[in-house]
Amino acid sequence: MIPAPFDYEVAESVEHAVDLLGSREDAKLLAGGHSLIPLLRLRFTRPALLVDIGRIDELRYLRDAGEKLAIGGMTRHHDIQNDPLVQEHCPVVSYAAGLIGDPQVRHRGTIGGSLAHADPAADFPAVLTALDAEVVIRGPEGERTVPVGEFVTGVFGTVLGPQDVLTEIRVPKLGPTGWAYLKFTRRAQDWATVGVTAIVRRSNGTIDSAAIAFTNMAPKPGRAKAAEQALTAPDDIEAAAEASLEGTDPPSDTQGSADYRRHLAKVLVRRALEEAISR
Amino acid sequence: MGIGFSTYLEMCGLAPSRVLGAIRYGAGGWDAATIRFLPTGTVQVLIGTSPHGQSHVTTFSQIVAERLGIPYDDVEVLHGDTAVAPLGMDTYGSRSLTVGGVAVYHAAERIIEKARKIAAHQLEVGEDELEYENGTFSGNGNSLTTKELALQAWTAHNLPDGMEPGLEASFVYDPPNFSWPSGTHIAVVEVDTETGNVDLIRYVAVDDVGSVINPKVVEGQIHGGVAQGIAQALWEEAVYDEDGNLVTGSMMNYMVPSAAELPSYELGRTETPSPTNPLGVKGVGETGTIASTAAVMNAVVDALVPFGVTDLDMPATPERVWRAIEAAKT
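The listed protein sequences derive, respectively, from chains Y and A. For the first sequence, the numbering used here assigns the number 1 to the initial residue and increments by one for each residue that follows. For the second sequence, the numbering used here assigns the number 1001 to the initial residue and increments by one for each residue that follows.
Next up, chain A with everything else stripped away, as it sits in the complex (with noise of 0.2 Å):
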């Protein structure tokens, strides 16, 4: 048996145009959002990211309902169509929700600021005597939603002189920091040191990605994270033969590990909001595949130490792991 730790703290929410410059990177670091209020009450949110699985609809939906105190059936995320969203940079480093996420949070805070101009005007009281909560303005005894304010900018029949009509926002946000994620990653495996087989027999990971707007979106990217991590410290490899040909090219052969493989994940965590950004989040997409390939490698070595070895290449197959046992009895 062996046990090995891994812990990390990883460089996220990429990242501030002019540290991008200062590298001679090709791009920005920033990215967009736009809300868009519809004169029935529902909003559009137009994202820069796009997402292949990591659930930006279901968190970015969750931001822009909280913050204008609507229902989360309300909202739209529109996202992957250069003609509807053109404006964004890309979804990686785990920076989707740390710089599109909080481009998402600023432009809900335009869509407040106009609607308070427009609430102010129709009460009949100034902007800061007004108080604003899960949606609704209200001051002098009287209150107006951010639905019925849309409405309102929408007929345009009553708005402060020189306003132009639509409730509508845009935000692109360059971060003025990164953000950093940390934990760490405990794995425990049972080798076979007759067949060289390993079994990852129990895994325990304690994160700190920051503010959690959604735990089990969290705990879905950190279980894929650590999956892809343990593949590559246990199954997955590109062989090409003597001749240069790619021999793993299918996915019969280039060994993707299934649930039958994996082990029930262990989750913890810690939530530290990063000072960096008004969520306070830190991203997460990453967090495993660091942690676990290192985690699993540890635990690999922790166990053949009282053999004679200490270092092994990935990924531990058995025919390597009996190799190495067979190379330090020599």
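Isolated chain Y (complex conformation) (with noise of 0.2 Å):
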């Protein structure tokens, strides 16, 4: 439980963090540290190099940018599960932020450092691709931005390359729309087992759009396209929810056989759609 020894390196800005991952193989960042720590410790990890982006205030923000939100990178989960331009704008993502682990964990723990760490089971990862988020990377090359759908390759894969820092998330404001986060876990701080982000679009009685996004059903966060088509009014919620499984590969382990997952995975489908359309 000791972590292996590793340097350590506070940034002072993100060209600064940028300048100190390129300075040594191996290098990684260090954001709220509560994934990072533990595998360091259980020695999953041992980078020649920790770049703590911890002290940089230009990657803790909340900021209107017109039809989207703009999240720092460096933004704790306590800040946004209780930011007004979030529960405005993006109520889903402040509900969200409000399930993840426990209170300490939620005022150490940060939007960039879930979605870097691409954990399947994390709620971030899967919620934002619900919204169509974006992620912005600076790197040597200067900034781009990739959608949180492809951003996450796999299993705490990513798209971010040796000296990227993902700087910010930028989430699409809703507008009038339903919405629902449901995360069954075997305990308050556990992971999902599985989560189920919706979101519903109606004009008079009809479903325009929905958008539905599964935590832990796959070894990355997925639409679940199949549903959302199937799902043009409130009737089809059923038909949506049986479509749902396609392209779904969940894992088994000691929270649930996937035989089990794809079984709550329709039952939450269903109950997600439910609430998001009485919204």
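Keep in mind that the hints were calculated from the coordinates and are not lab data. Please note: incorrect hints may appear among the correct ones.
[What the hints assert, rightly or not] Partner residues aside, some chain A positions facing chain Y, computed with beta carbon under 10 Å:
# : residue
1 : Asp1192
2 : Glu1194
3 : Trp1235
4 : Asn1245
5 : Thr1248
6 : Ala1260
7 : Pro1318
8 : Trp1322
[Said to hold, decoys possible] Cβ-to-Cβ under 10 Å is the rule here; a few derived chain A residues that face chain Y:
#  : residue
9  : Leu1234
10 : Glu1237
11 : Val1239
12 : Gly1244
13 : Val1247
14 : Asn1253
15 : Glu1319
Glycine included, each C-beta is placed from N, C-alpha and C at the ideal position.
Given two chains presented individually in distinct reference frames, assemble the corresponding complex, making use of the accompanying hints.
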């Protein structure tokens, strides 16, 4: 439970962090540390250098950017949960933030860290996939923007290069929309056995569009496209739930078998759609 | 929704040494205590049972303070080091109070017995003419406290002929019989029959652990025991993979529940003193673990009876409950 030896540098700015990451083979960013520190202690990872970006205040913000909300990569879950802008324009993001871990985790863990760690059972990657959010990355070649759905490539895998820093998440404002995030856990602080995000836009009793995304039903967060297309009216909920499993590849572990997760996913999709439509 | 009952009678206060001998157990069932008055008037109590969260120090200090009529804060309980307290068995089987605590009580009686001899000598009255109440011996219009007598015993300036100086006594207590805590616990659960999730929404426990020395300690013991028993029914499990590797080897996946998963318990009590020991105590540590597992499992099965489920393995995980409901459909 003691990490292998590593060097430690504090980055003063994003540019400084990019430079520090380039200064050594096998350097790694330290954000809130709530995933990285346990991995270090278990020696699942042994970076030569940790670059601490925890003191870069320019990465910690929540801003109104017109059609979107801009969230700095180092913004803590607690701040996202309680921010009036997020609560007004993206309430599902605020709600999901409040379900992560426990108060201590929410005060230290960051949205950028959660995305960059890319745990299939983490809440933010799936919720942000449903919202068509984008990730802003700064590296040695400058800045680029990647949709969250393409940002995560697999279990703990992302498109981040060795010198890249995730600086911002841009979340489209939802407008008048029904939403739900259902997270099924054995205990309050556990990772999601399965999670479902549902976003439903309606007009005059019909459904214009729906976005459904799973937590922990595949190596990376994914949209249930078949279910989204099956949902054209509130009566279609059952059919959408049935169609939702297409493309999933759930794990089997002590929280539940893959079979159980497939069953649970259908139940949760139905309930999430019912809840979203009732909002 | 399901309601489950569990009524139990526990064999406690392990154990009469003769009984252990009859079943070829490798040790006796007694336990030991020593009480030592220091010249300052404070008291050291050496005990053979050692606490790991059961509040021995609190409870045993109360027994000594009350019997010897001294302030609670003047009692120091020493344990866990065989260089200090070499004689004793173990903390197990809810026996610390019913055996070790009774040894403390008897050691205190021996202190009083010797102190009475010194008091009678110094007050020039017969031993049986002395009244003893709250640490004070009175007779012939005069009185002496246990603290004063402790100093007299230490200076040894004026003791009865042939009496050893000092005020210290030991007692090794071998219980003549077991004690028998009993009770009934009731659990109420809500089962989500689609996900299989079990939500424990109410828990009522009524126990009779005999005379109660510290109600808060007793409540704490019952809370802890009930939580452990519920955990066995709903969460905790040692799971092995196909190759025999333990896959629940950390606190992250062994599934110990937290306060967030458990309801506020509703506790009730009847107090029937045990006739087998002078304190009237029966033991409390395990009552919760005995009753709660069965009460919760009975409640879960009660909820599932309408679906044709009459039996379920522990723990009743969401997946196991869901599979049982599915299996009963076919």
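Against the structure, the hints:
Interface hint at A/Asp1192: satisfied, since its Cβ lies 9 Å from the closest Cβ of chain Y, which is below the 10 Å cut-off. Nearest Cβ of chain Y to the Cβ of A/Glu1194: about 5 Å, under the 10 Å cut. The hint holds. Hint status for A/Trp1235: holds, given a least beta-carbon distance of 7 Å to chain Y, under 10 Å. Violation of the interface hint for A/Asn1245 is found here, the shortest Cβ-Cβ separation to chain Y being roughly 12 Å, above the 10 Å cut-off.
Interface restraint check: A/Thr1248 against chain Y, minimum CB-CB distance 6 Å, threshold 10 Å, status holds. Because the closest C-beta pair between A/Ala1260 and chain Y is about 4 Å apart, less than 10 Å, the hint holds. Because the beta carbon of A/Pro1318 sits about 7 Å from the nearest beta carbon in chain Y, less than 10 Å, this interface hint is met. Interface hint status for A/Trp1322: upheld, as the beta-carbon distance to the closest one in chain Y is roughly 6 Å, under 10 Å.
The beta carbon of A/Leu1234 comes within 9 Å of a beta carbon in chain Y, closer than 10 Å, and the hint placing it at the interface holds. Of the supplied interface hints, the one on A/Glu1237 holds, with its beta-carbon coming within about 8 Å of a beta-carbon of chain Y, less than 10 Å. The restraint placing A/Val1239 at the interface with chain Y holds, with a minimum CB-CB distance near 6 Å, inside the 10 Å limit. Hint status for A/Gly1244 relative to chain Y: violated, with the closest Cβ pair at about 15 Å, above 10 Å.
With a cut of 10 Å, the hint placing A/Val1247 at the interface with chain Y holds, because the nearest CB-to-CB distance is about 6 Å. Among the interface hints, the one on A/Asn1253 holds; its C-beta lies about 5 Å from the nearest C-beta in chain Y, closer than the 10 Å criterion. Hint status for A/Glu1319: holds, given a least beta-carbon distance of 4 Å to chain Y, under 10 Å.
Against the hints set out earlier in the document, violations occur for numbers 4, 12.
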